[in-house]
Amino acid sequence: MKDFFKRFSRNRGALIGLFILVVVILVAVFAPLLYPDSPWKMVQRPFLAPFSVDGFPLGTDTLGRDVAAGLAHGARVSLIVGLVSTLVALLIGVPLGALAGFYGGLVDDGAMRFTEFFQTIPNFALAIVLVAIMEPTLPTITLAIAIVSWPPVARLVRAEVLSLRRREFVDAARLAGLSNMRILFGHILPNAMSPIIVMASLMVATAILLESSLSFLGLGDPNIMSWGYMIGAARTVIRNAWWLSFIPGVAILMTVLALNLIGEGLNDALNPRLARKGR
Amino acid sequence: MDSVLSIRDLAISLPPGADRDYAVQNIEFDLTPGEILCVVGESGSGKSMTANALMGLLPDLVHVTRGEAFFEGRDVLALPDAERRKLRGDRIGMIFQEPMSALNPLMRIGDQIAETYEAHGRYTPSERRERALDLIREVGLPEPEKIIRAYPFQLSGGQRQRAMIAMALAMDPAVLIADEPTTALDVTTQAQILDLIKSLQERHGMAVMFITHDFGVVAEIADQVIVMRYGEIVEQGGAAQVLENPQHDYTKALLAAVPSDVVPSGQETSEQHVLEVRDLRKTYKTRGGLFKATREVRAIDGVSFTVGKGEVLGIVGESGSGKSTVGRSIVRLVEADSGQILLDGEDMNALSTEELRSARRRVQMIFQDPYASLNPRKKILSAISEGPITMGTPVAEAHARARDLLETVGLDASAADRYPHEFSGGQRQRIGIARALAMDPDLIIADEAVSALDVSIQAQVLELLRDLQQRLHLSLLFITHDLRVAAQLCDRIAVMQHGKLVEIGSVAEVFLSPKQDYTRNLLAAVPGTEWGGAA
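Chains A and B, in that order, are what the protein sequence lines are. For the first sequence, our numbering assigns the number 1 to the initial residue and increments by one for each residue that follows. For the second sequence, our numbering assigns the number 1 to the initial residue and increments by one for each residue that follows.
What the hints contain is simulated information worked out from the structure, not anything from laboratory work. A couple of the hints might just be wrong.
[As the list claims (entries may be wrong)] Straight line, CA to CA, 27 Å or less: simulated DSS-like cross-link-like pairs of lysine-lysine:
no.	chain 1	residue 1	chain 2	residue 2
1	A	K2	B	K379
2	B	K378	A	K2
3	B	K500	B	K309
4	B	K309	B	K285
5	B	K86	B	K146
6	B	K86	B	K285
7	B	K86	B	K252
8	A	K6	B	K378
9	A	K6	B	K379
All figures in this text were calculated on a predicted structure; none of them were measured in a lab.
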C-alpha cells in the first residue's frame with residue numbers, strides 16, 4: 001500500500017489531478033451550505049459580468065441566476081452521474097466479461113456477440129435514444145450512460161480472465177476442489193483489479209462528458225442544474241456574454257482532465273512493469 | 001595467442017532499489033581466437049549483463065560505470081552509438097536463448113539473414129541471397145532452398161536456433177556471443193547445436209563467449225571457464241582445471257549440486273498399486289479453417305502404467321512427448337478422450353464434475369513455475385489451507401496444519417502470514433510442496449517441479465522431496481525432461497516419445513541397459529556424459 005502511494009505520487013500530473021478532483025468534490029459536497037438557495041432562483045440583473053458586482057464573483061446568466069451557485073450545484077450532478085453510472089457499468093461489464101473469459105466456448109460466443117451488439121451502435125446516439133424513450137430524470141440518465149459504457153469493460157475483463165485462467169495457481173485452486181465460482185471470484189478477478197480500476201477512473205470522465213452533452217442538447221433532467229445545461233442555455237448569447245458558456249466549460253474540462261491524470265497515475269502505480277520509460 | 005577481446009575492471013550499476021548496487025563489478029577476462037569461454041553462474045549472477053554491455057543492449061537505468069573492453073584495439077564501451085552499431089552483427093555476432101522470440105515472425109528466414117548484409121551495406125541483393133543459402137547449408141539446415149523461403153513458425157526449435165546462428169555468422173565475426181543458446185531446447189537438439197557451435201568455431205577460428213548455467217554443457221564444449229556469483233568472478237581457469245579441481249567454495253558447491261550420473265538403486269516396488277493407468281488416449285484437434293485441413297496431434301497414444309504405494313515413478317521425454325499431458329489428465333485438468341485412471345480401483349476418468357471435486361483431494365500436483373503457481377494476492381496461509389477447508393476441515397485445524405507443514409518443508413511457520421512475492425523461487429517451490437501435502441493425497445504429481453530452479457536450489461528441493469518421500473512414504477509421479485534429475489529421485493522410469501510409452505523399467509535398467517534406440521539417444525545426448533558429473 002505504501003509502495004502504491006509512492007509510485008502514484010511520483011507522477012506529478014496525477015497529484016495535480018487528485019488536487020483538482022478533491023476541490024471539485026468539496027465544492028459539490030458543500031454546495032448546499034455555500035448556496036442554500038436554489039440555483040434556479042433569479043437573484044440579480046441578467047448578464048452581469050464576472051467580478052462586476054460584489055457577491056456574484058462569476059456574474060449572472062441570461063435570466064439573472066447566480067453562475068457560481070449553478071456551478072457548485074452542477075458539480076454534484078456531474079460527480080454523481082459519473083460515479084454511479086460507472087459503478088452500474090462495472091456491475092454489468094465485469095461479471096459478463098468474467099463469465100465469458102472463464103467458460104469460453106458458447107458462453108463466450110454468446111456474451112461477446114451481445115457485447116458487440118451494443119458496440120456497433122454509436123454511444124451517444126444510443127444514449128440519446130434511451131433518454132428520449134425514458135423520462136429524462138437523474139436515474140434514467142445515469143442508467144442510459146451506464147448502458148452505453150459497459151461494453152469496453154466486458155472486453156477488458158474477458159481478456160484479463162482469459163490470460164489469468166491459464167496460470168498455474170488457477171490449476172492449483174482447481175485441484176484444491178474449489179468451485180468454479182470461487183476460483184473465478186476469489187482467485188482470478190482479484191488479480192484483474194488493477195486494469196479495471198484504471199479503466200473505471202477514465203470511465204467516470206467519459207460519463208461526465210456524456211451527461212454534459214445530453215444536458216447541452218436539452219435532454220437533461222429539467223429540474224436539476226448541470227454544467228451541460230448551463231453551456232446549452234448560454235450558447236445563444238455566446239457573442240455578447242461568452243463567459244456564460246466559458247465558465248462551466250472550464251469546469252468540465254478541469255474535472256475530466258483531473259480524472260484522466262488520475263487514471264494515468266493509477267496505471268503507473270498499479271502496473272509498475274508497464275510504467276513508461278525514463279520515469 | 002593474443003586476445004581478441006579483453007575486458008578490464010568492468011562494472012555495471014543497477015538502478016537504486018535493486019537488491020545490490022552493481023549488476024557486475026571487477027570483471028576481467030580475455031577472449032582468445034579459437035577458444036570457447038564459458039561463463040557459468042546461477043540466475044542473477046550477472047553473466048548475461050556482461051554480454052549485453054558489450055553489445056550495447058543494456059536495459060534502461062542500467063549503465064556501465066567503469067572499465068574497458070578492448071576489441072581490435074578499440075574500447076567498445078567508449079565508442080559512440082553509430083560506431084558500435086557497425087560492430088554489432090559485423091565483428092561481434094550474438095545468439096539468444098529463445099530463437100522464436102529472437103526471430104521476426106513475419107519475415108522469411110532468408111530475408112532475415114540477408115538483412116544483416118543489408119544493414120552493413122554489403123553485396124548486391126542476389127549475392128546476399130547466395131550467401132544466405134551458403135550459410136543455411138553451413139549450419140546444417142535441410143533443404144536450403146525451402147528454408148530460405150520459410151517463416152520462423154514453420155521451423156522446429158532446433159532449426160530456428162540454427163537459423164539464428166546463420167544470422168550471427170553472416171559477417172564472419174571475430175567474436176560470437178551465445179547467451180544460453182541451448183537452454184530452451186531438448187537434450188538431443190541441444191547436443192546437435194553444441195556440436196554445430198563447436199565445429200563452426202573451429203572452422204572460422206572465432207572466439208566464442210558461451211553463457212550457460214549448465215555444467216554439463218561446460219564440460220562438453222568449454223576451453224576456458226569463468227564462474228560468476230553476485231556479479232563477480234569467483235573462479236577462472238581452464239575447463240579441466242575448474243571442473244576437476246575447483247578452488248573456490250562456490251564452484252565446489254555448484255559442482256556438487258549437479259545431479260550426477262551415479263544411479264542410485266531404486267527401492268523395490270511394492271505390489272500394491274496406488275494408481276493404475278490403462279490405455280489412456282488424448283488427441284488434440286485444431287479446427288481447420290476454410291483452406292486448412294484439420295490437424296490432429298496425438299498427445300497421448302495408448303499409455304498404460306502403474307504407480308506402486310510409496311514408489312517414485314519418473315516420466316521422462318522431450319517437449320511434445322505428451323508427458324505433461326499424462327500428468328494433467330490424471331488429475332483431469334485435461335480431459336482424456338478414453339482410457340481408465342484407477343485410483344485404488346476408482347476410475348477418476350468416469351467421475352462426474354461433482355464427484356470429482358471431492359475426489360480431487362486424492363491426487364495433488366506440484367507445478368513447474370514457482371512464480372505462476374501461487375496466487376500473488378493470497379497469503380501463504382490461505383494458499384495452503386484453502387483446499388483442506390473446502391474439503392471440510394475446521395478452519396483452525398487447517399491453519400495449524402499449514403504452519404506445521406511449512407516447517408516440514410523447511411520454512412519458518414511465520415511464512416504463513418506473508419505474500420508469495422516475498423519468497424525466492426526455491427522457497428515458493430517448497431510452499432507448493434506444502435500445499436500439495438496439506439491435502440493428504442494418495443499420489444503427488446510433480447510436473448517439472450525443479451526445472452525452473454537454479455542448480456543449487458534444485459539440489460535442495462530434490463533433497464527435500466526425497467526426504468519427504470521416504471519419511472511420509474509418498475507415492476510420486478515425477479515428470480521431467482532432465483534424465484539426471486530423474487535418476488536422482490525415481491525408483492522406476494518411463495520414457496515417452498510422440499505420446500507413446502516407449503520404455504519402462506527400474507532406474508538401473510533404463511539407464512544402464514536401455515532397450516530402445518530412442519532411450520539410448522536420449523541418454524547419449526545428455527551434455528557432459530563423459531565427464532560424468534562431480535565425482
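Against the structure, the hints:
no.	hint	in the structure
1	A:K2 x B:K379	18 Å, holds
2	B:K378 x A:K2	18 Å, holds
3	B:K500 x B:K309	24 Å, holds
4	B:K309 x B:K285	35 Å, violated
5	B:K86 x B:K146	30 Å, violated
6	B:K86 x B:K285	48 Å, violated
7	B:K86 x B:K252	41 Å, violated
8	A:K6 x B:K378	22 Å, holds
9	A:K6 x B:K379	23 Å, holds
Going through the hint list in order, the structure does not satisfy hints 4, 5, 6, 7.
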